[in-house]
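Using the sequences provided together with the hints, build the complete structure.
Number of protein chains: 2
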Amino acid sequence: MFYPNGKKYIKNYINYKNRGMNLESLINDANDYYLEMNKAVIYKKPTPIGLVDVDYKKGEIKKAFFKEKSTFDYNGIYKGKYIDFEAKESKSKTSFPLSNIHEHQIKHLRRILDHGAISFLIVNINDAYYLLKGEDLLFFIETNERKSIPISFFEKNAKKINLKIRPILDYLDAVDEVYFKERGIENGKS
Amino acid sequence: MFYPNGKKYIKNYINYKNRGMNLESLINDANDYYLEMNKAVIYKKPTPIGLVDVDYKKGEIKKAFFKEKSTFDYNGIYKGKYIDFEAKESKSKTSFPLSNIHEHQIKHLRRILDHGAISFLIVNINDAYYLLKGEDLLFFIETNERKSIPISFFEKNAKKINLKIRPILDYLDAVDEVYFKERGIENGKS
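Protein chains in written order, with this note's numbering: chain U, 1 to 190; chain F, 191 to 380.
What the hints contain is simulated information worked out from the structure, not anything from laboratory work. Cβ atoms here follow ideal geometry from the backbone N, Cα and C, with glycine treated the same way. Incorrect hints may have been included.
Stated by the list, open to error - Now the stretches of chain U that chain F is said to cover, found in silico as 3 or more residues with beta-carbon under 8 Å:
#1 31-42
#2 45-52
#3 72-80
#4 112-118
#5 152-159
As the list claims (entries may be wrong) - Listed below are the simulated DSS-like cross-link pairs for lysine-lysine, each with C-alpha atoms no more than 25 Å apart in a straight line:
#6 LYS234(F) <-> LYS45(U)
#7 LYS350(F) <-> LYS62(U)
#8 LYS253(F) <-> LYS58(U)
#9 LYS247(F) <-> LYS69(U)
#10 LYS252(F) <-> LYS63(U)
#11 LYS350(F) <-> LYS278(F)
#12 LYS235(F) <-> LYS44(U)
#13 LYS350(F) <-> LYS63(U)
#14 LYS297(F) <-> LYS62(U)
#15 LYS297(F) <-> LYS323(F)
#16 LYS79(U) <-> LYS229(F)
#17 LYS164(U) <-> LYS39(U)
#18 LYS350(F) <-> LYS57(U)
#19 LYS350(F) <-> LYS45(U)
#20 LYS181(U) <-> LYS91(U)
#21 LYS181(U) <-> LYS156(U)
#22 LYS79(U) <-> LYS281(F)
#23 LYS248(F) <-> LYS91(U)
#24 LYS62(U) <-> LYS252(F)
#25 LYS45(U) <-> LYS257(F)
#26 LYS164(U) <-> LYS181(U)
#27 LYS67(U) <-> LYS247(F)
#28 LYS107(U) <-> LYS88(U)
#29 LYS88(U) <-> LYS69(U)
#30 LYS281(F) <-> LYS337(F)
What the hints assert, rightly or not - Cβ pair distances, simulated, as ranges:
#31 GLU367(F) <-> ASN22(U): 30 to 36 Å
#32 GLU142(U) <-> ARG300(F): 37 to 43 Å
#33 HIS102(U) <-> ILE296(F): 34 to 40 Å
#34 PRO97(U) <-> ASP304(F): 38 to 44 Å
#35 GLU177(U) <-> GLU345(F): 46 to 52 Å
#36 GLU345(F) <-> GLU24(U): 42 to 48 Å
#37 THR94(U) <-> ILE355(F): 50 to 56 Å
Following this line, the structure appears as structure tokens:
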């Protein structure tokens, strides 16, 4: 197998194993790889900032604050489809608290699914990574009183993402399994 | 015709006529309208910021700077398609300087077109608004030595966006004309 910049990625892999790369780093790393391989064009949206005091001459922000997002963090295009997702790490090893997802993000999810988007959560829980379809998240919310999703729901309904050398978190592999294989579209751009 | 929040929009229109709304405001206003009407889900990406000094206890940014984008400003989903575009105001009334578009944005444009995106520029030049297809922008760059696009190129090859009451800059109307009518898809989500 041919790995351009192989050293960099093996270094990342070692860093991941030794130091614990967080979920955001793993996804950014995968997105860099997909871009390089021309497999997908997916970016993390910058965190929205409220500006209070800016020195425009120097181009320097002197006072600002973080704003809350009303969308998901990552979006882009894969196999001709609009893709839009959120990544979350669960501190609890037994369940994923729904308080991690804001109400306006659920509204956003409903909207984009209605328009034909591929949308999901990537959840890191109990040392495993799961792709949970947006439709399944909505199903859980609509049919449960519970304020957190038990790990058994992930084990039964979500797709576990296997770790690889490069990219470490090859989440588009899980996207293929969940969204494209079932439609009989395995290869190529639509 | 029924306009929810009609007053707000008529106020915007009056503001536009009297005070001159800039292109970004016009597009954000259109995107708000599309969201409200469930016509499309399109957002402006936040400006990327490089953090230098943050007081995480207070949640306050004490020093930061603006970073350069490597993508376009707006993206989302319309009629089931991934849409990704940039908006630019030209100070010159006779031509649009290509220095307005960075080299890595051109690279981004080539990538997303290759993956099946709808991508274009909205250019405000000489008191008119044009939708210039990404493919036509690339054609100009590849076949010209010129460092700016003359207005005649827009008049001949771009789609002029007509101003309306609501939204004032109904750019998806131009998207329909350019991308969907020619394919024979006039209505409905794909």
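Each hint, compared with the structure:
1. 31-42: This one holds; 4 residues, not fewer than the three required, reach chain F with a Cβ under 8 Å.
2. 45-52: Holds, because 5 residues of the segment 45-52 of chain U bring their Cβ atoms closer than 8 Å to Cβ atoms of chain F.
3. 72-80: holds (count 6)
4. 112-118: Held - the segment 112-118 of chain U has 5 residues with a Cβ nearer than 8 Å to chain F, which meets the minimum of three.
5. 152-159: n = 0 at 8 Å, threshold three: violated.
6. LYS234(F) <-> LYS45(U): Holds: LYS234(F) and LYS45(U) sit about 10 Å apart, inside 25 Å.
7. LYS350(F) <-> LYS62(U): violated, 40 Å
8. LYS253(F) <-> LYS58(U): Measuring from Cα to Cα gives roughly 12 Å; hence the hint holds.
9. LYS247(F) <-> LYS69(U): Holds, at about 20 Å.
10. LYS252(F) <-> LYS63(U): holds, 5 Å
11. LYS350(F) <-> LYS278(F): Holds, because 14 Å separates the two Cα atoms, which is no more than 25 Å.
12. LYS235(F) <-> LYS44(U): This hinted pair holds, its Cα atoms lying about 10 Å apart.
13. LYS350(F) <-> LYS63(U): violated, 40 Å
14. LYS297(F) <-> LYS62(U): Cα-Cα ~33 Å, so violated.
15. LYS297(F) <-> LYS323(F): Given pair LYS297(F), LYS323(F) holds - Cα atoms ~15 Å apart, limit 25 Å.
16. LYS79(U) <-> LYS229(F): holds, 23 Å
17. LYS164(U) <-> LYS39(U): Holds: LYS164(U) and LYS39(U) sit about 17 Å apart, inside 25 Å.
18. LYS350(F) <-> LYS57(U): violated, 35 Å
19. LYS350(F) <-> LYS45(U): violated, 30 Å
20. LYS181(U) <-> LYS91(U): violated, 32 Å
21. LYS181(U) <-> LYS156(U): Between LYS181(U) and LYS156(U) the Cα gap is close to 19 Å, so the pair holds against 25 Å.
22. LYS79(U) <-> LYS281(F): violated, 38 Å
23. LYS248(F) <-> LYS91(U): holds, 23 Å
24. LYS62(U) <-> LYS252(F): Given pair LYS62(U), LYS252(F) holds - Cα atoms ~6 Å apart, limit 25 Å.
25. LYS45(U) <-> LYS257(F): Distance ~13 Å between LYS45(U) and LYS257(F) Cα, so the pair holds.
26. LYS164(U) <-> LYS181(U): Given pair LYS164(U), LYS181(U) holds - Cα atoms ~20 Å apart, limit 25 Å.
27. LYS67(U) <-> LYS247(F): Given pair LYS67(U), LYS247(F) holds - Cα atoms ~15 Å apart, limit 25 Å.
28. LYS107(U) <-> LYS88(U): holds, 18 Å
29. LYS88(U) <-> LYS69(U): holds, 14 Å
30. LYS281(F) <-> LYS337(F): holds, 15 Å
31. GLU367(F) <-> ASN22(U): 30 to 36 Å: About 45 Å separates the Cβ atoms of GLU367(F) and ASN22(U), which means 30 to 36 Å is violated.
32. GLU142(U) <-> ARG300(F): 37 to 43 Å: The hint (37 to 43 Å, Cβ to Cβ) holds, given that GLU142(U) and ARG300(F) are roughly 42 Å apart.
33. HIS102(U) <-> ILE296(F): 34 to 40 Å: holds, 36 Å
34. PRO97(U) <-> ASP304(F): 38 to 44 Å: Given range 38 to 44 Å: holds, Cβ gap about 40 Å.
35. GLU177(U) <-> GLU345(F): 46 to 52 Å: Given a distance of about 49 Å, which is inside 46 to 52 Å, the answer is holds.
36. GLU345(F) <-> GLU24(U): 42 to 48 Å: holds, 46 Å
37. THR94(U) <-> ILE355(F): 50 to 56 Å: Check passed, 55 Å falls within 50 to 56 Å.
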